Amino acid sequence: MKSAVVVFPGINREHDMARALKFVSGKEPAMVWHADRELPKGTDLVVLPGGFSYGDYLRCGAIAARAPIMDAVRAHAAKGGLVLAVCNGFQIACEAGLLPGVLMRNARLKFICREVYLRIERSDTPFTRRYNAGDVIRVPVAHGEGNYIADEETIARLEDEGRVLFRYTTPDGKLDPAFNFNGATHAIAGILSEQRNVLGLMPHPENHVDPVVGPTDGRRLFESLISTLEAA
Amino acid sequence: MIPNEPKITPTLIAEHGLKPDEYDRFRALIGRDPSFTELGIVSAMWNEHCSYKSSKVHLRGLPTKAPWVIQGPGENAGVIDIGGGLACVFKMESHNQPSFIEPYQGAATGVGGILRDVFTMGARPVACLNALRFGDPKHPKTRALVSGVVAGIGGYGNSFGVPTVGGSVGFHPRYDGNILVNAMAVGIAEKDKIFYAKASGVGRPVVYLGSKTGRDGIHGATMASAEFGDDSEEKRPTVQVGDPFSEKLLLEACLEIMQKGCVIAIQDMGAAGLTCSAVEMGAKGDLGVTLDLDRVPTREAAMTAYEMMLSESQERMLMVLKPEKEKEAEAIFKKWGLDFAVVGKTTETSRFIVRFGGDVMADLPIKELGDEAPEYNRSFAEPKKLPVLDAKSIPSPVSIKRALEKLLASPDLCSKRWVWEQYDHLILNNTVQRPGGDAAVVRIDDGPKALAMTTDVTPRYCEADPFEGGKQAVAEAWRNLTAVGARPLAVTDNLNFGNPERPEIMGQFVYCVRGISAACKALDFPVVSGNVSLYNETNGRAILPTPTIGGVGILDDLASMATLAFKAEGEAIFLVGETKGWLGQSAFLATVLGREEGAPPPVDLAVEKRNGDFVRKLITEKRVTAVHDLSDGGLLVAIAEMAMASTIGAKLDSPPAGIPPHAFWFGEDQARYLLTAKAAEVPKIAAEAAGNDIPMRVLGTTGGRQLTLPGEDPILVSSLHALFEGWLPAYMAGGAVG
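These protein sequence lines map, in sequence, to chains A and B. When you line the first sequence up against our numbering, it's residues 1 to 232, in that order. When you line the second sequence up against our numbering, it's residues 1001 to 1738, in that order.
None of these hints come from the bench; they were simulated from the model. One thing to keep in mind: the hints can contain errors.
To be verified - Label-pair distances were calculated between CB atoms; the ranges are: (1) B:A1331 with A:R157: 46 to 54 Å; (2) B:E1712 with A:P177: 33 to 41 Å; (3) B:R1705 with A:D71: 28 to 36 Å.
As the list claims (entries may be wrong) - Over the 12 Å line for every Cβ pair with chain A, so calculated as not near, a few chain B residues: (4) D1024; (5) K1138; (6) G1337.
Stated by the list, open to error - Capping the alpha-carbon separation at 30 Å, the derived lysine-lysine pairs in DSS-like fashion look like this: (7) B:K1449 with A:K27; (8) B:K1198 with B:K1345; (9) B:K1384 with B:K1191; (10) B:K1056 with A:K27; (11) B:K1260 with B:K1449; (12) B:K1335 with A:K27; (13) A:K22 with B:K1367; (14) B:K1406 with A:K110; (15) B:K1056 with B:K1521; (16) A:K110 with B:K1260; (17) B:K1325 with B:K1392; (18) B:K1609 with B:K1056; (19) B:K1392 with B:K1260; (20) B:K1053 with A:K110; (21) B:K1198 with B:K1334; (22) A:K110 with B:K1521; (23) A:K174 with B:K1567; (24) A:K22 with B:K1580; (25) B:K1191 with A:K27; (26) B:K1260 with A:K41; (27) A:K174 with B:K1141; (28) A:K41 with B:K1334; (29) B:K1198 with B:K1053; (30) A:K2 with B:K1335; (31) B:K1449 with A:K22; (32) B:K1335 with A:K41; (33) A:K22 with B:K1401; (34) B:K1345 with B:K1327; (35) B:K1392 with A:K22.
Since this is a predicted model, take the numbers as computed values, not measurements. Beta carbons are placed, not taken as given, at the ideal position from N, Cα and C, and that holds for glycine.
So that you can see chain B by itself, here it is in the shape it has in the complex (with noise of 0.2 Å):
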């Protein structure tokens, strides 16, 4: 019926990612041959990336309700309450594929992207964080890949103008062929002015907004959704380029045509642009739309509608405007300097038309488009679990002295400083905790409140023992929260994994999304938005599983925040929690002993909560005067990173008898927090840990500028911290990896 357009066969259907029965139902659903262009749109709809056809069934798991949960997964972002009239709005996505192809772009648009769906929403980004994983730092690609990441993540954020507060950056073999880099971004909206993407009334007119179209990231999502092989950088042009000041404009027009009421619903051009944008919001909305494909603004002379509706460029909006408000949002758009275009109505058909040149180049059910696509309950195999570690097995090669300078200037634990002064993290003048902390802490408007956001993952506990290791995750990103001394309230989940159709990586991810779900329910922690990415993986070899948390808190009263830097000589420092000893899987039997083994230490949901509870109300209550998570190289590596921050050091007792010292300092047992108080206080908080059944621990006296263990050397602050501070631009700088 349309003429020039290529015959659909069986190479071109595999070319679009759909496989052979997938492409069956979908003629059966429409009872005809489809189009080239209705080919396009379907493999857009119904690849792994958008329709989350193999994860959708384990999903539903998930718990995403609470009091104050405003909307859950579904939409744009997620949405919480967080009091006065106010609501949070946050979510965290990949940009994975992309970001290894072409790294500074990849990671620029990933984070244009999260920030629109988060202004999309009618929210203010006030903050935004990543997690990033890259490969061996041996790895002759792993330097050039870190250095343009880091520059997209900067070069995008900086310019529009929202601080990069937090965030994670890890290194390991696994991701030597896929690096990982997940956006988060957050928002602060009126709770009762948030838009969605739900389209009513028939008739109303669907408008463009934005930048205009070009041929660049065509087919993006399809390449998300499959593995990678030799020719990976052959996708490159796949991948979009960031505009931030486009997007800058269009956050300020998209909030003056909200302030404005102009706006019924919203929709950004994300992955597969027009298309998904489009179908959302008429299925939705149970409506029809129609799109007339000529009047949308290009940037390129003679587009197709195939590549019009595949298009992934960036900082574009779809809209349903209040007929009556068009002029006034229009003259808004104009005076930022924005496209502004009507490229469709509303229908009461529930069919998705898109006409151009006068020809129907499309005409599909819209609702089915969505409901229908393929979902798999894909076969995974049980993760083999793996013996536990007796510390008493495991000798120390070197003296405790040797081991915590390795740790400190390990890539994984060395400082990230390189990393985070790339990115304004001060703009906007509510950072009042900066990077390097447990967890970010952000002003709302002039205070008292502030947010306090944070993400994690650990990834060999994970690939040791998915179900504790998504267990792990959300314990320890609520456990960041709380020693700011925020209430967590709820988390966005990034779930990376490799290929889905093989069992054993499908039984990682059922295994990691049930832990998390346990330890979402245990903490009182919902689920409100999150983004699956599966297929990292490179010639067969997957990445590390990795399911990122980003939690968010909320603290009543700035004037109560810890922090984690010693705060003055002569405090005592205790532990909060028990300690075994736990050494499998620890960051010390990699990087001391250079062996990933065993069971990684187990997380006992009750314990966290009761630990966490009682570390909060110590905090609010103004009793403690440092505090710090312990995860990542235990208890010492702890000690040297609150005497870092301060300069302070600390002269600590011997180790308990029965657990070898080495598994006693650098051991990861779980639901643990160091903290200082005043001497005079401590035997109260001790009665009250007693009372309550809280391990609780006294180790020793801040004082001094060195580190002091019985039977050690003394270990100077200042050593540690040139360690600490020295690896990562040593090896940027093109240093040996040491």
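The following block holds chain A by itself, in its conformation from the complex (with noise of 0.2 Å):
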């Protein structure tokens, strides 16, 4: 696996996320400067990781969706490649078009900080294959802008399509609002592009890998990123 963290002014989380690539893969990644143009040659993963691009002083995401390297990124997408979008990440794939919707201001309007449960709904992608559909993982949030919305349209086509991952739920999976916390349309925490090679997601899987620090639920994503570019 050959991947490259993008490091826009502001962000924060891409020490952790090259950490845990590191520490499930063994391998260290690249880190790309913002004001570059080209990934690294050969680069089969790219990350938008976590943090505060630009202080998220206009609309999250939306600087950093115009930075020079994210011409770079949008063309590894639009040939196939795979694309990780984590919180901030997340925000900046929707507001550079690689994928649908907005994420927006918490429903009580806090920045929350704690462990969540997400519902795998699938495992048949390059993100979840070491998952069961169904599984319910426990991994932390840390956000205030993570309530994703999209028009009826969209959000219809993303159910029909199956391009909804991750949902927030109770321990055992089910729905409920008291656990969907950020107020996510239909409790939404990660999608997928059309081509099913772009994830965005506002949890940290990247925070739960290590024994040492708390749960390792976020590991197995990293083991089926592994698993499918060496299957490639």
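Using the supplied hints, reconstruct the complex from the two chains, each of which is provided in its own coordinate frame.
Right, here's the structure in full:
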């Protein structure tokens, strides 16, 4: 696996992501500066990490989506290359047109950092092949603007095409408004692009890989990517 | 000599917070009337906040040395050796007055300021903590202040990218007009790559880095050196506005140029901005500094020299660079999109000279600006001792069960989840103990070592007996670090008091500092950095004396770390330390009976050390399964907390004869720890305790889903949990105070 983590000014979970990639795959990812125009040769996974790119002072992700490197990221995705977009990365991917919809302020208007439960909706994707459909995993969230919203038609399409990959649920996998803490439409926590090669999600699987610091439910997402790329 | 400057009048001098005798002293020092800019500079250097003029004489008594102390007080932050070639850099600082006036920005810039203090020294921040005190929950302003302060702390720290891992939140009517926001930052640096403020070399470039200078925060430090009246909100323009995005860039750029060996001296622009940082770098290095204000990057038009020298715009640094590395440093700053300007140079004259538009706006002796600041040995009153209350004379009006429920749902003891969930406490992926335990634990790199950290103080105790209260604040921090298995190493102190010109307030200060000093000496726990915040007083009503202690310790191996949750059913619960049932100034007395009376529990420092060392040894040897320090609320509150953290209940035995049950369960005797262990291990531990003259008592057994006490209805852990978690969210949603 040859991964590249894109670093925009104000991003702050790039080291957590790089550390998780190294921890699970044994390989260091390349760190790619936002002002660059090309990805390292042979990159097979691009990661847009979490943080506050440009302070989130305009709309979250809006400025980063226009950074010089993003043309190369879009070209990589258009060729079917894998893109993992986490938290601020998800917001950037939406702003960059890689994914539909938008992430609004959390329902109670507060930043929330806590462990949440996610139901894996399908396991036949490059990101979840090491999980089983219906598995419930525990991973942390840390965001103020993760309330996923799109027009009705887009939501219907995402649902019909099976592109909702993660939902906020109870520990036993049931939908419950009390567990959909940010108020996302249909409790959506993560979605796939049309070609299913771009994943955007608000939670941080990269923070749950190392048993010393907590549960390791995020680990299989990285293992899924490794096995996908090894099989390719 | 300078056109269009205001005339120096007694009114203008008073508006700058200078007393007539202080002005005379300054005038004598320079031998002429000062210019307006010079008056501004001296008011910035000589106010209480920057000069410590009322506190210095007493702070000298604090122990500041130990073999592991690399840098004690006097720099941007304290530095201790944590082994493996690494150093821990940390400090706590208050932003009380700004946070009361403008809670979001006041708290946010408090976090920004303390983070800068840490990375200025070459350390990457790894954790933040805070200690917050608000007024009566019933006070009409309290809810908005809590909401704003918490959002501000989160808003800054979350965006900057440092986990906020711990702290404390308390309420009391004495903070109605003056809340406390004490922010602590902890960083890690390579031991031989620590950077200091001391300039060296003549003719070296003095470089301005970071954000542009605006008119925000002018006179912030002077504002923080006076009492509040009814007009405090009119001071809003003196509060700065934080920009965590710029600070994050500044961090990365500073660490990069330090790594490349470009930096000789560095000082962040905090209180009194350009003035303090330039004077400090020159004075520490026995050098003069000349500044050319025409080169200072500004974000507003037509700023005067006076405004530039006193602006407290955030996210700015001043450095002396190696001349041959200037271009390299500039390129790094440009890459991060930050301003870089050579604004002056070091000189051999020992003068602080400020030029602007062809005029010399200030020409002052640089050493004297700092060294000759007034210093006061203010008169202080010895605090009156309060009587020791006899527990037998304090009947409990309610059952033990009801009292426990009231305590767990009280503003001070309830869960602060509503607060810490708004802080990113997981970023950097090293948070091994999250908020809610005795101390936060943050792994160092990939382990196995970790830092433990905590903030503590019991203001009720300090009010009732400043000396014992000061000791207790240190002892509790030491105990909290011990309870996770860490070796306590050093502290930072943040001393929050009222107006020092009143002898009774000065008495509180002096005796608290003496108590802190006694405890730090006895526990080998030196003070390496700190901050004094005086004049926390509105219309003559002072806050409770609140000397917050931020403690840092080290765990050599995370594998032997302790946590407070019960681990399994059928384990023995036992108490280390002696219980007499001390109810004076207890949470029980205040919450259940509405009385804040009597002497607080005394702290026997030798017993603290003996009991703590014993507990730490048990943890290190992995012979105990859960550990919790006893503090506010006493024994039963601690048992409930251990149960709630796990959902496992406990069956408890009868209290000993001779102590009223409510005094046994809720007394706040010091130097105590609750532990659990496998039943078979307990006789061996008891024999060792007896051999070391350490009181130990088995209290019961873990198991079930409820707490069972003799003579009381069983108490479901889940219903306690609902009460414990319920109060703060309900209150913040506008619910009744209860």
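Verification of the hints:
1. B:A1331 with A:R157: 46 to 54 Å: 48 Å, holds
2. B:E1712 with A:P177: 33 to 41 Å: Given about 37 Å between the Cβ atoms, the range holds.
3. B:R1705 with A:D71: 28 to 36 Å: For R1705 of chain B and D71 of chain A the Cβ distance comes to about 59 Å; the hint is violated.
4. D1024: 48 Å, holds
5. K1138: 23 Å, holds
6. G1337: 7 Å, violated
7. B:K1449 with A:K27: 24 Å, holds
8. B:K1198 with B:K1345: 14 Å, holds
9. B:K1384 with B:K1191: 46 Å, violated
10. B:K1056 with A:K27: 54 Å, violated
11. B:K1260 with B:K1449: Holds, at about 28 Å.
12. B:K1335 with A:K27: 28 Å, holds
13. A:K22 with B:K1367: With a Cα-Cα distance of about 52 Å, the restraint between K22 of chain A and K1367 of chain B is violated, given a limit of 30 Å.
14. B:K1406 with A:K110: 28 Å, holds
15. B:K1056 with B:K1521: With Cα atoms ~19 Å apart, K1056 of chain B and K1521 of chain B stay inside 30 Å; holds.
16. A:K110 with B:K1260: 40 Å, violated
17. B:K1325 with B:K1392: Distance ~73 Å between K1325 of chain B and K1392 of chain B Cα, so the pair is violated.
18. B:K1609 with B:K1056: 29 Å, holds
19. B:K1392 with B:K1260: 68 Å, violated
20. B:K1053 with A:K110: Outside the cut-off at roughly 41 Å; violated.
21. B:K1198 with B:K1334: 25 Å, holds
22. A:K110 with B:K1521: 43 Å, violated
23. A:K174 with B:K1567: Roughly 28 Å between the alpha carbons, so the hint for K174 of chain A and K1567 of chain B holds.
24. A:K22 with B:K1580: Roughly 54 Å between the alpha carbons, so the hint for K22 of chain A and K1580 of chain B is violated.
25. B:K1191 with A:K27: Since the Cα atoms of K1191 of chain B and K27 of chain A sit roughly 29 Å apart, the hinted pair holds (cutoff 30 Å).
26. B:K1260 with A:K41: The given pair, whose Cα atoms are some 29 Å apart, holds under the 30 Å limit.
27. A:K174 with B:K1141: Violated, because 40 Å separates the two Cα atoms, which is more than 30 Å.
28. A:K41 with B:K1334: 27 Å, holds
29. B:K1198 with B:K1053: 22 Å, holds
30. A:K2 with B:K1335: Judged against 30 Å, a Cα distance of about 26 Å means the pair holds.
31. B:K1449 with A:K22: It holds: about 20 Å lies between the C-alpha atoms, which stays within 30 Å.
32. B:K1335 with A:K41: 24 Å, holds
33. A:K22 with B:K1401: Between K22 of chain A and K1401 of chain B the Cα gap is close to 51 Å, so the pair fails against 30 Å, i.e. violated.
34. B:K1345 with B:K1327: 16 Å, holds
35. B:K1392 with A:K22: 63 Å, violated
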